[in-house]
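Novice: Protein chains in written order, with this note's numbering: chain A, 6 to 332; chain B, 182 to 679.
None of these hints come from the bench; they were simulated from the model. Hints may be right or wrong, so weigh each one.
To be verified - Residues on chain A that point at chain B, a partial pick, calculated with CB under 10 Å:
{"#": "1", "residue": "Asn44"}
{"#": "2", "residue": "Ser47"}
{"#": "3", "residue": "His185"}
{"#": "4", "residue": "Val186"}
{"#": "5", "residue": "Tyr198"}
{"#": "6", "residue": "Thr207"}
{"#": "7", "residue": "Gly270"}
{"#": "8", "residue": "Lys271"}
Even glycine gets a Cβ: it sits at the ideal position worked out from N, Cα and C.
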Amino acid sequence: MSKKLKNSGLMAYAGTFGALLVLCVILAIASENFLKYTNLMSVLKQTSFNALLSTGMLLCLITAGIDLSVGANATFSACIAGMLVMNGITNPFILIVGALGCGALIGFINGTLLTRLHLPHPFVSTLGMKNVLWGVALLVTNSQMISFSGNDGVMWLGSATIGGFPISFIVVVIIYVIMHVLLTRTSLGRSIYCAGGNMEATRLSGINSANVLTFCYTVSGLMAAIGGIVSIGRSGICNGANAIQPYDTDAIAACIIGGASFSGGKGTMVGTMLGALIIAVLRNGFALLSFSSAIQNMVLGLVIIGAVLLDVTRQKMDAKARRMATK
Amino acid sequence: MSEYVVELRNATKRFPGVVAMRNMHLEVKPGEILGLIGENGAGKSTLIKSLTGVHQIDEGQIFVDGVEQHFKSPNDSANAGIACVYQELNMEKLLSITDNIFINKWIKGKNGLLDYKTMHEKAREVMKSLGQDVDPTKAAGTFGMGIQQMIEIAKAVLIDAKMIIMDEPTSSLGEKEVEQLMKTCRSLRDRGVGIVFVSHKLEELFELCDRVTVMRDGEYVDTRPINEWDNDSLVTAMVGRTLEQQFPKEYGVKSKEPLLKVEHLEEMGVLRDVSFEAYGGEILGFAGLVGAGRTETMRAIFGADKIDGGKIYIKGKEVNIKSPRDAIRAGIAFLTEDRKGQGLVLAQPIVTNMVLANLKGFSNGLFLNFGKITQVVAERIKELRIKTPSADEIAGQLSGGNQQKVVIGKWVNTDADIFIFDEPTRGIDVGAKVEVYNVMNKLVKDGKCVIMVSSEMPEILGMSDRIIVMREGKITGTMHRNTDNFNQEDIMKAAWEV
């Protein structure tokens, strides 16, 4: 909007960006390996997967919803490709389109459950969907891990690099730029923020809120599926058992650290990217310093709680400053 | 012992930027019903909340039975014996009547567990004493508004309240329920309880109250025994200005053909055969009681609710409106009565709210045209005199009047021809009301059609060129300005169909 808003927007990232920098400095001091090129590149590789899931998660959070099926959907989409491979299909184009199509379809179903069948908060429906997808992923792969080795076309997105720089991260950056423009510069973007803030007022302003929400969940499904393809490239396999990994929590954490709110109407792509980077750097640091997984989980949990606490405090301070200004 | 059960002296309450109540005083005798009246924004809510400890007064004193009190919280006020039945009931609808009555005042048995047997008995007893023979084990939500209100009153009786404030208690009640409520009020008075009865309805005050206090613009105006007031003196005291100042009515040129024509609108159980025409250059008022189907008519026209039959013509052409989106395309704007719930996205800035109904018009192809948005919104803010530090201020931070102007700005930005204003001045102060009226004046002078639904009789009479009265989903009367039946009495007759 006006210059003032843009500036205050950038200022809002200062804290998150500062946290990321501080974290990097600490790790650089604590481990000589942290700043090595190969390590940094591996951080970016790790970021890609979570950043993709966070994209969809952010859209849903902005609409005051949530998509708890993103992690399972990524695994499910990968397993769909695996199922095709099991059935002798090796054409990478068909595998990728099949996986993306299924992932987006799941997102569309999530959106439809919410908007046309009027299930209550998407917490319930997407939690249910997570379990459905877990089951289906195991079913279509006969609970087997399926190897994609030799199929470079499918593996390319998650494994290829340009001089060590991961292609997957470049794709993520492109997607983030597109989504940033969509959210800030288009009427659809404004509608997404407003539908989250007040669905009825938005509907009575002539916007088809139901379609807007369905769009968000469909995008979430599509992004999860892209994440699924990236995960195939990184591991060379698909494994239905991964559907219950806490990928969703990482995505939610990235969004919340980046300034999104469970009550909707807030959150940006830039903030989410910073959030995803912070989580990836943390996880990388844990590995470098060989923290036990118990400690990893604890620290990550505390970081999430701290981020929300910070957000609440920031809002209170904002409100206070505003009251002072009007006095 | 003081003459008064509750006395408020020289009370002042400030909020950022406004003095909501200045040098107010109020005296309630034990065993009397004191009416309290004032326009919206006159400071009644502030007064009530100061007495119930929700707000703390900045200056002044509160006495209960002659003892000075310093309420820091609603609990302090309740302990001192002041209870309040708020207009919007705070009912736990899924819990039983007993649970609602004994919330936070649980009776426990010897074993430390809740003694429901005793509580049910007491609840039944107290409800019976209020004239309600109900089963206290049933969920509160299964009963109508009248009984839910009695539950609130039962709470007050149970803590032996010395004074009970009733904040517009009849606004959501039916005729019979109002009667029952009045009976209850009288019996409470006879038991020595002081009652403050807040109402907009003059006839209720005359029927029930012993004395009436009038407030205006946050200040005390006058208190008199009821037989020393009459309709005119009450209205004059309340409004404090002449009708012409209050309603700056101006006239447009009525279009030859109707801009909007509605034929045989039907909605099962809500609307019955509603037909009318609305012209450009005129303000068409819709009067009637709450629940008469006025808002429902507007929602049906706007495509917000499904209709079961009927035709809508705009500028002579039949239109098929299935959603608000279709209605906006057809040139209809709809300012809803519920500003916060349906009009604004409170968490978003003014600028976003103002373009929301016409995002296409503010876009260049795929992208929003921020140059145009900034310029138009700045114009609207100036034109509508919205008091805000900037267009990026969050809508929820504005005062009620300014919020309403943002919603008006949103609809003006759609280039609509037909403006439906549903209770456009509800809950905003007198100054802002006049500014809203001036927007309507400007619209009709530009040849637009304005339809105004209002429950405030002076507003309907002051601003409309023509009035349609509804009752129970039907149109029961039409009055033209400057004809004999363009008066409150005839409108009320049509609204009550007597």
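Novice: Under the criterion of a CB-CB separation shorter than 10 Å, is Tyr198 of chain A in contact with chain B as hinted?
Specialist: holds, 6 Å
Novice: Can we keep the Val186 of chain A interface hint, with Cβ of chain B closer than 10 Å?
Specialist: holds, 8 Å
Novice: Just to be careful: measuring from the Cβ of Gly270 of chain A to every Cβ in chain B, is the smallest value less than 10 Å?
Specialist: This interface hint holds because 4 Å falls under the 10 Å limit.
Novice: Given Lys271 of chain A as an interface hint, is the shortest Cβ-Cβ distance to chain B below 10 Å?
Specialist: Result: holds, 8 Å to nearest chain B Cβ.
Novice: How about Asn44 of chain A: closest beta carbon in chain B under 10 Å, or not?
Specialist: violated, 40 Å
Novice: Interface hint check: Thr207 of chain A, Cβ to nearest Cβ on chain B, cutoff 10 Å. Holds or violated?
Specialist: Hint holds; Thr207 of chain A Cβ to chain B Cβ min 7 Å, cut 10 Å.
Novice: Identify whether the interface hint at Ser47 of chain A stands, where standing means a beta carbon of chain B within less than 10 Å of its own.
Specialist: violated, 37 Å
Novice: Can we keep the His185 of chain A interface hint, with Cβ of chain B closer than 10 Å?
Specialist: violated, 13 Å
Hint violations for this structure: numbers 1, 2 and 3, all remaining hints satisfied.
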